[in-house]
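There are 2 protein chains.
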Amino acid sequence: MKYGHFDDANREYVITNPKTPYPWINYLGNEDFFSLTSNTAGGYTFYKDAKFRRLTRYRYNNVPMDDGGKYFYIKDGDTVWSPGWKPSKTELDSYECRHGMSYTKFKGAKNGVETEVIQFIPLGFWGEIQKVTVKNTSPEVKKLKLFSFVEWCLWNAEDDMTNFQRNFNTGEVEIEDSVIYHKTEFKERRNHYAFYSVNQPINGFDTDRESFIGLYNGFDTPDVVTEGKPKNSVAHGWSPIASHYIEVELQPGEEKDYVFMLGYVEVDKEDKWESKSIINKKPAKEMIAKFDTVEKVQAALDELRTYWDNLLGKINIQSNDDKLDRMVNIWNQYQCMVTFNMSRSASFFESGIGRGMGFRDSNQDLIGFVHQIPERARERIFDIASTQFEDGSCYHQYQPLTKKGNSAVGGDFNDDPLWLILSTTEYIKETGDFSLLDEMVPFDNDASKAKPHFEHLKVSFYHVVHNLGPHGLPLIGRADWNDCLNLNCFSEDPNESFQTTGNKKDGKAESLMIAGLFVVYGKEYVKLCRRIGKEEEANEAENHVNNMIEAVKKHGWDGDWYLRAYDYYGNKIGSNENEEGKIFIESQGWCTMAEIGKEEGMVEKSLDAVKEHLDCDYGIVLNSPAFTKYYIEYGEISTYPAGYKENGGIFCHNNPWIMIGETVLGRGDQAYDYYTKIAPSFLEDISELHKVEPYVYCQMIAGKEAFKPGEAKNSWLSGTASWNFFAITQYILGIKTDYDGLNINPCIPKKWDGFKMKRDFRGATYHIEVKNPDHVSKGIKLINVNGKAIDSTIVPILEKGKEHTIEVIMG
Amino acid sequence: MKYGHFDDANREYVITNPKTPYPWINYLGNEDFFSLTSNTAGGYTFYKDAKFRRLTRYRYNNVPMDDGGKYFYIKDGDTVWSPGWKPSKTELDSYECRHGMSYTKFKGAKNGVETEVIQFIPLGFWGEIQKVTVKNTSPEVKKLKLFSFVEWCLWNAEDDMTNFQRNFNTGEVEIEDSVIYHKTEFKERRNHYAFYSVNQPINGFDTDRESFIGLYNGFDTPDVVTEGKPKNSVAHGWSPIASHYIEVELQPGEEKDYVFMLGYVEVDKEDKWESKSIINKKPAKEMIAKFDTVEKVQAALDELRTYWDNLLGKINIQSNDDKLDRMVNIWNQYQCMVTFNMSRSASFFESGIGRGMGFRDSNQDLIGFVHQIPERARERIFDIASTQFEDGSCYHQYQPLTKKGNSAVGGDFNDDPLWLILSTTEYIKETGDFSLLDEMVPFDNDASKAKPHFEHLKVSFYHVVHNLGPHGLPLIGRADWNDCLNLNCFSEDPNESFQTTGNKKDGKAESLMIAGLFVVYGKEYVKLCRRIGKEEEANEAENHVNNMIEAVKKHGWDGDWYLRAYDYYGNKIGSNENEEGKIFIESQGWCTMAEIGKEEGMVEKSLDAVKEHLDCDYGIVLNSPAFTKYYIEYGEISTYPAGYKENGGIFCHNNPWIMIGETVLGRGDQAYDYYTKIAPSFLEDISELHKVEPYVYCQMIAGKEAFKPGEAKNSWLSGTASWNFFAITQYILGIKTDYDGLNINPCIPKKWDGFKMKRDFRGATYHIEVKNPDHVSKGIKLINVNGKAIDSTIVPILEKGKEHTIEVIMG
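Protein chains in written order, with UniProt numbering: chain R, 1 to 811; chain P, 1 to 811.
Careful, some of the hints might be misleading.
Treat identical chains as interchangeable: a pair holds within one or across any two.
Cut-off 30 Å, straight-line C-alpha distance, at most; resulting in silico cross-link-like pairs (DSSO-like, lysine-lysine) [as the list claims (entries may be wrong)]:
#1 LYS19 - LYS281
#2 LYS629 - LYS269
#3 LYS449 - LYS48
#4 LYS505 - LYS554
#5 LYS19 - LYS107
#6 LYS505 - LYS629
Hint data in this document are derived by calculation from the structure and do not stem from the laboratory.
Isolated chain R (complex conformation):
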């Protein structure tokens, strides 16, 4: 069952049934100021940090689900309805929600009135615009009552939902003209306030939630709307809100536009007050003036579209499959940008109060957007590297407001440092900008400890070398990429977090996943050293990499696949000897990508084992069999019910590692089959089961041992986005950036006749056409660059500012 359809021309997903199986959301905003908005107008807004600077309240796991948002009520006689169906939930004559690139558009019609609401955040602006159009399509004059509604969050989202004893006393607002100002705690240490305005005179307002809604009503039936009369309430404590009341009279055929703005203002400490206890409204008024007409709003929308044209235009493919094209050209790239903006902080599944920017996450996310915004990627790399310690270890995350590392979710994840080599080398390959290696970058945010960025890579590499276990394999530390494989934790207390509970001090648990990762990015490190003339360093590093390869072959091979780890006691994990958890995906992914033991057949055996033991209808599960009981020596992984999350779930982030592994063997059909199993646009028809959005990846799909295989969770903010984009574009379609050009080596389904890719690279545009007359999966017969054959598979860096034609013949 479908709940809508793709509109590729407009780059929109069009939802036509508001009762999606889960709220289907979109993200607005691109720099400092963001909103989430669901397909029924639920959601919230924040400035930079979803925890510490939350503008509006939102209730995720509520009854009803997805409660609170940017709500409009239209009262037409006795009928009250909402353009986005919710909150009124009055059945509409027509409903449409269009999630586009950084905007969402609602169209709702009822009883001869049509409305359109466009929500977006103009570029570089700290405010959300809601342009509301109301049109009378009936033959009679319509006298309508329009109510807007947002509920203010008292800034710190965590405190806001717990510290009522204080918070019910602090709420303060001001109302002037058509603007409602939220100034809670502005009196004290906050130098910021929010406002909600409309560009026309209003006929009344409310700012106190209880006055507007009533204690016993839901958002569907606020007292004021039911009665059709605002109370002009002024909030003092309790729960401040902002609601405008506008009387709208429309002749037959007439339409009117209203521009609402939800804005955020920071003022200088010295410049907070207009007069005693009256806030300085000048900056708000300037913001409002910027978009006080429909024309100005339209110009900003056009600018936003151009912005996305540019971002998405850098890579564009044409295959024979619309589903693939829309993933690569639109939604996967869009998701990568959103994930860049949010890291992991704000989604339905992360309540926006728990997490900052992940060290590991942010490095991996970067491979999904570095081609779109290389300058910001460069900045992000430095932000991340600045939180690293001098020995190469890392805070596991840092806060976006301060950019400082914090240890709230623990440290000592021994894979963390290696991902910095991934992000840095991919950045250089995309841009050719080696200069970042020489930039001075602090350790632990201490400028006095700054060293050239290259040194960060070096300590990252050597952090593994200096932390090897009894088998010469990398010590896992608290955990590796799989946060839930806590091999030195041994927790018996349910109130302990597996992420922060103390390592056994003498922990000797080792990770084959880090071993493979080290070989892959160790080789990259060696290659980079050679490329910048550090031959001696390259040779030394290469020895370490080779030692690791040997260690894996000797101690990491289980006969038919790679082991996953050695536990605290030195026992195998992910071995045929184990009763449960005999095989894991991560080490198969990384050791095959690293091509460890390829000559000996290990890569092929490993991937065949994945197919046999881990693959299912909905993707590749993380481990099999899933754990049915708690293993204190394994930690959180064994706490999940079988088939869910890290315990036998299809963890989409790691599926691309296997896809890439398959391309090592040239098995394009298998690689693409894995791709399509989890790519959301391919799952649109099973939305009822899949539950989450068909336009973005999710973190996890329930695996074959789950109660409901195929049911997905945790959409949007996941490393899945970047890895799938990386796998499809650089390994399956096989247009891979390299230091000296584009390395072209597709690995596609045999039946394909080919595909086209337009690729902006180093200032030039490459029009690549891949032809597959022999219907192979892999192999290059010929490459013509601007009509001339080249010797290598690497298309060199071509003249900037020009269009170039690349013809690739496979065979």
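Fit chain P to the given chain R structure using the hints.
Relative to chain R, chain P alone:
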């Protein structure tokens, strides 16, 4: 406007209009297992710790307010209604909610069907009973459908409302017969589960919230109830619930009873499983069997009533004012017991996740319940003292599950230690049990550091002596009793907590409130030392007390009242010199109770100043004028809007200090006037303004400078309960416990003719009749004990097990 009435004979408050101005709640449970229940059946259940061991979900500050609870739906034809009005909100033919002593009873009727739901927790039992009676009062046969509903919390209430990424995957249940078991995380480290049962066969069930309610409905209209058909859903992740479905056929006049039980089970680690993945249900079945008939339930209810008869029977008064009698005899004592049970952890205003047991709070709470449960008071004293440090300082709170101190809300509140002298001496005066002074009590929960409890008092006393400031007055530390007077904090960052943000290291701010407190409990310490023969220690301590008195007279007097403090810079706070915050209540209370400078007229001047500057229609405000801007050197107090909370609010906890101060001067009319201004039963008629329950005290009433003076917040769990009880019984009614008897010295309104008090004391019953023929406020002319006049105002300890008659003639 009233929303109900008192039923004193049944010790109930009877709510007859469900739409109270705020949820009016009750607490069930007396030892380990507790529930909150609102007048519309909202609320939740927990075992010992509202944060770490929460059984069911609840949404406090929701829309609608007070969402989630122990819900029943009755479907009668097309009409769906609920005995407690919510969640259905169908208008009832009749509605009544009776909050009684540890039980709540709902009566609801609709269309010829009457229901009664009694909720309570049997003594010593880890389960809540809901006895449901359904009666057909119509002349036709009724075929009804009864649905129960609770939503499980995944144990840790904080994690439950934030960590969705994990939690949506972990939910697990089992269903067997009529019992739904909630076993989330039982698989791993939890050795406990919950269950929801009914004592009769069921016709179906649901355990998955989305299946039962639907994504887009509120609790008022669940899909399953609307359709009248259960889905027999089995929860796997998402949000597990428990709903029984029962078909009820009733002949005209017939009624049926159903006993539901919401229970909690702990099992031995070795005994968790019945078979693979099937939990050990034996303990649950034993619990269910205990209350599987109406008779067994009634017996438990009777036992509960007897329990409360005993508790409340120890002090019972008869005055000419029902409002006073019901406060003293029923509701204030009841609130004191509830406050003992909960400390501050669970209420509408404390979301149950933030706070443990307060050191200061728990000591003060004790004076409200020591006469009821002296054994448990003794245990509580040791629990508290065990968390103290060897230098006398304290953790500010400890966790009920572990009884260990935790520093999440900071330490170094320099008043904390002194309250231990209060609780200990009041315990001894009530019981005569000096033996607790010799019990070995750990410091910082370290048994190897244990010393006799007396040493805890000594270090408490000397902690002040060792921490004096430049004026010889007590250093305030992080803050004193007024948590919000943060004189060494200086916070500029809104993300910092005032309670934990670093003291300026060299802080020299001093507190006059601690000075008065020290004199009061210093004198008590001296008196205790003398009483147990420690004359030398008494003399030394007395010197310190006298020094403090002199220091206050010299540096703490502002001319017309006592100063409040000296700030970090040595500037005065609470002085006529100040622009705002010229006078504060706390130091007037404690310095007048300490009688500092009484001969010089200071006490009288101070109390007159309170009357002039702090008193208003709704009680005595904390400070005046309230602060209109942020004073970085004062901290949180100045963050609140004027008139609210610690900034000019009527903080009910401290009003009794002034009442007691007034009794020092013998001004009974004034003392009682202050008493009645904040005593809830006296505010019943202004419930619409007052907002919170008219049967229990609240923490704060908006003060005279507030937007809405008289509007109250934070009812139930407040030190207000014990202090008001202490003030009315021991100072205004003036029947005061002492080491060697009952010290009788009432201070009452002149117009009173007298009053009676029955007082259990040291195993005997004292029937005291106070007569006031001369219409004085204070003064004893004659005391007859069992017919014989005594010389002193102290009625000695009389023969155990006997009834004694005490006649008191004032004059």
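How the hints compare with the structure:
{"no.": "1", "hint": "LYS19 - LYS281", "in the structure": "neither (40 Å within a copy, 39 Å between copies)"}
{"no.": "2", "hint": "LYS629 - LYS269", "in the structure": "between (56 Å within a copy, 13 Å between copies)"}
{"no.": "3", "hint": "LYS449 - LYS48", "in the structure": "within (27 Å within a copy, 49 Å between copies)"}
{"no.": "4", "hint": "LYS505 - LYS554", "in the structure": "within (27 Å within a copy, 58 Å between copies)"}
{"no.": "5", "hint": "LYS19 - LYS107", "in the structure": "within (15 Å within a copy, 36 Å between copies)"}
{"no.": "6", "hint": "LYS505 - LYS629", "in the structure": "within (25 Å within a copy, 51 Å between copies)"}
Against the hints set out earlier in the document, a violation occurs for number 1 only.
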